[in-house]
Amino acid sequence: MRNKYSVFSLIKNAFSYHENWQRAWKDPAPKKEYDAVIVGGGGHGLATAYYLAKKHNMNNIAVVEKGWIGGGNTGRNTTIIRSNYLWDASAGLYDHALKIWEDLSQELNYNVMFSQRGVMNLAHNLQDVRDLKRRTHANRLNGIDAVYLSTEEVKKFCPIINTSPDIRYPVLGGTLQRRAGTARHDAVAWGYARGADAMGVDIIQNCEVKGIKRNGDSVEGIETTKGFIKTKKVGVVAAGHSSVIANMAGLRLPLESKPLQALVSEPVKPIIDTVVMSNAVHAYVSQSDKGELVIGAGTDDYVSYTQKGSHQIVEGTLNAILELYPIFSRMRMLRQWGGIVDICPDASPILSKTSIKGLYFNCGWGTGGFKATPGSGDLFAHTIANDEPHKLNAAFNLNRFVSGDLVDEHGAAAVAH
Amino acid sequence: MFLITCPYCGERDQQEFKAGGEAHIERPKQPTELSDDEWAEYLFMRKNIKGVQFERWNHAHGCRKWFNMVRDTSNDEIKAIYKMGEKPPSQ
Chain A
7 MRNKYSVFSL
17 IKNAFSYHEN
27 WQRAWKDPAP
37 KKEYDAVIVG
47 GGGHGLATAY
57 YLAKKHNMNN
67 IAVVEKGWIG
77 GGNTGRNTTI
87 IRSNYLWDAS
97 AGLYDHALKI
107 WEDLSQELNY
117 NVMFSQRGVM
127 NLAHNLQDVR
137 DLKRRTHANR
147 LNGIDAVYLS
157 TEEVKKFCPI
167 INTSPDIRYP
177 VLGGTLQRRA
187 GTARHDAVAW
197 GYARGADAMG
207 VDIIQNCEVK
217 GIKRNGDSVE
227 GIETTKGFIK
237 TKKVGVVAAG
247 HSSVIANMAG
257 LRLPLESKPL
267 QALVSEPVKP
277 IIDTVVMSNA
287 VHAYVSQSDK
297 GELVIGAGTD
307 DYVSYTQKGS
317 HQIVEGTLNA
327 ILELYPIFSR
337 MRMLRQWGGI
347 VDICPDASPI
357 LSKTSIKGLY
367 FNCGWGTGGF
377 KATPGSGDLF
387 AHTIANDEPH
397 KLNAAFNLNR
407 FVSGDLVDEH
417 GAAAVAH
Chain X
845 MFLITCPYCG
855 ERDQQEFKAG
865 GEAHIERPKQ
875 PTELSDDEWA
885 EYLFMRKNIK
895 GVQFERWNHA
905 HGCRKWFNMV
915 RDTSNDEIKA
925 IYKMGEKPPS
935 Q
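Protein sequences appear in the order of chains A and X.
By the working numbering, the letter at position 50 of the first sequence is numbered 56, and the numbering carries on one by one without gaps.
By the working numbering, the letter at position 37 of the second sequence is numbered 881, and the numbering carries on one by one without gaps.
Looking at chain X on its own, in the form it has when it is part of the complex (with noise of 0.2 Å):
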């Protein structure tokens, strides 16, 4: 993983790129509804998967853009990269 392709600039140096966790974490749509518990899930537990993982890039030295990305853990291979919005690809 040295060079990502970010949807809006193309292949750039990894360097430009910050990543920004997992993705597809849902805000709370009631969040004066929710209980410790829950807040605990959505804040700090984290699935931190050793294979593929969704997650979101952002291109911070670039056009400052987040997207997602699809790779594998284990060896860094990039599987798929798609804008914010759309739908993941199924894995």
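Chain A with its partners taken away, still in its complex shape (with noise of 0.2 Å):
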């Protein structure tokens, strides 16, 4: 029986000094046969189980990580979470996400600390300020929330905004979603285990896939560093790493594994209230309930599985945040990392079945695949349970990098990829 966390577990758990509390979540050893596996134990992965056990009642699955939950680009992101898309398929994705996002925490009885700060994108030209317009108008169409600023309006909503007309990157306008925000990206990954293992899911850390046995053209079970597991459903959710998977099982994917950074700097009293990202010139901050100011970057151009990235990314999105926020100029930066992001053509996410029965791929998520935790998981145990895509994913299909049917977020979201 799982206990419920509340305030009176809490009085009750400090009388033992915090020693007592009930684990999280097992750490069971594979069982011989599940009815899917899920490889990938990060947010997405987590998200998926936890949904298949409670709306499709599939409770006899696992989930395969090759490390530690939540290890990947879970905890490396930068936690922004909007639903600011150009498209119609990608508002409807996008947005499904963020209206699980507003209950999540209740949801799961775990608190992933949900702010909705808003999230501010700024113009910095003048095709900056069309698209920025044009995608406010596309967003209000989908029933998302979107307003567009003036410079003035900017500086009054953010005011360490250097707005001064002469400077490099200038601040022409900007958009507001006030629904976005940020959350606490490693409680996302606890919660979803958390809740799936209450309902039975087996979440094995430290279980590296080394192969995919197929019998003909549907999937027979998975090898792994823990044995033979038996499976008639793979749900591979395995995001810079899902090429590696697909290789495994013959299958080639439209993507390209590139290394995307992020920093924090020393934690500071609080200065800025919610999250501004600029596209034009990859440089997006936010500030951590801890007090670090988080700042994400871009990617480098080149494939690389090395959680690292070059020096000059780090160093252009730096020049760009100094010359927007002067104040910050004194900061200290505690530490940098990279994550392993897959991008698409198109840069919009897979959500799919493939030419193989009973093997599902989620990835292609690129620069922004935590936003959308709770909606992907949500869609894909739909697809896997049902051997359909759900309506709000079908767009997500891998066939449309055939059919030509593609949906083109590149620059055309509020970031560029």
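In short, the hints are calculated from the structure, not lab data.
Positions of the beta carbon are idealized from the N, C-alpha and C atoms, including for glycine.
One or more of the hints may lead you astray.
Quick list of simulated restraints, FRET-style, between CB atoms [claimed, not checked]:
no., chain 1, residue 1, chain 2, residue 2, range
1, X, Gly906, A, Gly410, 35 to 41 Å
2, A, Glu113, X, Glu866, 39 to 45 Å
3, A, Gln342, X, Asp880, 42 to 48 Å
Keeping only pairs whose Cα atoms sit at most 30 Å apart, straight-line, the calculated DSS-like set for lysine-lysine is [as the list claims (entries may be wrong)]:
no., chain 1, residue 1, chain 2, residue 2
4, A, Lys72, X, Lys894
5, X, Lys891, A, Lys232
6, X, Lys891, A, Lys238
7, A, Lys232, A, Lys314
8, X, Lys891, A, Lys236
9, X, Lys923, A, Lys72
10, A, Lys236, X, Lys894
11, A, Lys72, X, Lys891
12, X, Lys894, A, Lys216
13, A, Lys359, X, Lys909
14, X, Lys927, A, Lys314
15, A, Lys314, X, Lys891
16, X, Lys927, A, Lys216
17, A, Lys363, X, Lys891
18, A, Lys314, X, Lys923
19, X, Lys894, A, Lys232
20, X, Lys891, A, Lys359
21, X, Lys894, A, Lys238
22, A, Lys219, X, Lys894
23, A, Lys60, A, Lys363
24, X, Lys873, A, Lys314
25, A, Lys314, X, Lys909
Simulated coverage check for chain A against chain X, where a stretch passes if three residues somewhere in it have a Cβ under 8 Å from a Cβ of chain X [claimed, not checked]:
no., segment
26, 255–264
27, 304–313
28, 396–409
The task is to assemble the complex, starting from two chains supplied on their own in separate frames and drawing on the hints.
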């Protein structure tokens, strides 16, 4: 029986010096056979398992993770959540996720610290202004809140931005989505893991997939470092390593894996109470609840699995940040890291069946997958359980690269990819 | 990978170069004969290898010439560099 977290459980555990909290999830050895196995224990994979158990009554399932849960891109992103995408298909997908975010802490009985502090996107040139205005209209037609701000309104909303007209990247305007914001990334993985575990899902860490066994055109199971696991359904949610898994099944994907960097500063008192993104210069800033500035940079242009990234990418981002926020000039950076993002040619994700029966892929989220975590899990669970996509992810099939029906969000979303 | 040896200019800072993706993808000889599947394969599908990969690079802020590189994508180590049209070294 899973104990509920509440103020009473907090007080009760205080009496035993917080040493007797129940484990949030078990550490099981893999069974011989499951109804479905999810490859990848990040936010998306754990959410998929959670919704498979919760909505589709599939409780005999497992999540296998080669490292520890939430140790990949889930723990490496800048935690920005928004749904202001241009195209109808994307707007449907990301706003579905945003609506789940709004009640997620209550649903999971786990505080994911979702904070709707707003996300502001800046325009630095005339084309940006036109694009952002167009996107604002498109968002509103799709029922997504969006407003266009003048330079003065940008300054009023976030006073520390330098709006002087004579800087290298002058602020000509911006857009604001007030429902957007941030969440605590680790808590999302942990909350879904705890919820899935309570419904009987086996979360198996330190278990790397080494091969996918096929019988003709259908899946029979997976070879792992902890032995063979028999299953008829495999959902791969492996982010940057999706192509590696696809190769094991003899499948080709339209992905390139590249390093995307982020960095955090020393903690300071509250200075920026929103998220400001600047797509033209690849500089994204928010402040964590601990007080660190969380800064997102751009991707490198070459394929790499090193989780590092090039120095000049960070340098370019910090140049832009310092010009837009002169007040940060003496901040010291604490940590810098990279995550490997799997980018599709149209910068939209793939949530799809494949030519192999029982093999499903959820990948291609590129630089912006965190925001979609709950929606992605929900829709991918639907796809796996019914062997049929939900109408919200039907457009994000693998076949679109053959039919040409791409969801081209490159630079059309609020951020250039 | 901070220094890249351009086959025309010698050792230069990585910042001067632009990556051009997977190498040795042959342009279809008869584009009109291609099926949609073959087009998708040519245009979009990539090996995206974790390990030794053959790729194209451009010395964008230098001689602006293209060349090929053999690189280990798991640690960014450059194994070999050779000119366009030359045979790839066997790995």
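Against the structure, the hints come out as follows:
1. Gly906/X with Gly410/A: 35 to 41 Å: Once the Cβ atoms are compared, 37 Å apart, the range 35 to 41 Å for Gly410/A and Gly906/X holds.
2. Glu113/A with Glu866/X: 39 to 45 Å: holds, 43 Å
3. Gln342/A with Asp880/X: 42 to 48 Å: holds, 43 Å
4. Lys72/A with Lys894/X: holds, 16 Å
5. Lys891/X with Lys232/A: Status holds; Cα separation ~27 Å.
6. Lys891/X with Lys238/A: holds, 26 Å
7. Lys232/A with Lys314/A: holds, 29 Å
8. Lys891/X with Lys236/A: Within the cut-off at roughly 27 Å; holds.
9. Lys923/X with Lys72/A: holds, 28 Å
10. Lys236/A with Lys894/X: Answer holds: Lys236/A to Lys894/X is near 26 Å, not above 30 Å.
11. Lys72/A with Lys891/X: holds, 22 Å
12. Lys894/X with Lys216/A: Roughly 14 Å between the alpha carbons, so the hint for Lys894/X and Lys216/A holds.
13. Lys359/A with Lys909/X: This hinted pair is violated, its Cα atoms lying about 41 Å apart.
14. Lys927/X with Lys314/A: Holds: Lys927/X and Lys314/A sit about 28 Å apart, inside 30 Å.
15. Lys314/A with Lys891/X: holds, 21 Å
16. Lys927/X with Lys216/A: violated, 36 Å
17. Lys363/A with Lys891/X: holds, 22 Å
18. Lys314/A with Lys923/X: Between Lys314/A and Lys923/X the Cα gap is close to 19 Å, so the pair holds against 30 Å.
19. Lys894/X with Lys232/A: holds, 22 Å
20. Lys891/X with Lys359/A: Distance ~20 Å between Lys891/X and Lys359/A Cα, so the pair holds.
21. Lys894/X with Lys238/A: The given pair, whose Cα atoms are some 27 Å apart, holds under the 30 Å limit.
22. Lys219/A with Lys894/X: holds, 21 Å
23. Lys60/A with Lys363/A: Between Lys60/A and Lys363/A the Cα gap is close to 24 Å, so the pair holds against 30 Å.
24. Lys873/X with Lys314/A: Outside the cut-off at roughly 39 Å; violated.
25. Lys314/A with Lys909/X: holds, 27 Å
26. 255–264: Check passed, 6 qualifying residues.
27. 304–313: holds (count 7)
28. 396–409: With 3 residues closer than 8 Å to chain X, the segment 396–409 of chain A meets the three-residue bar; holds.
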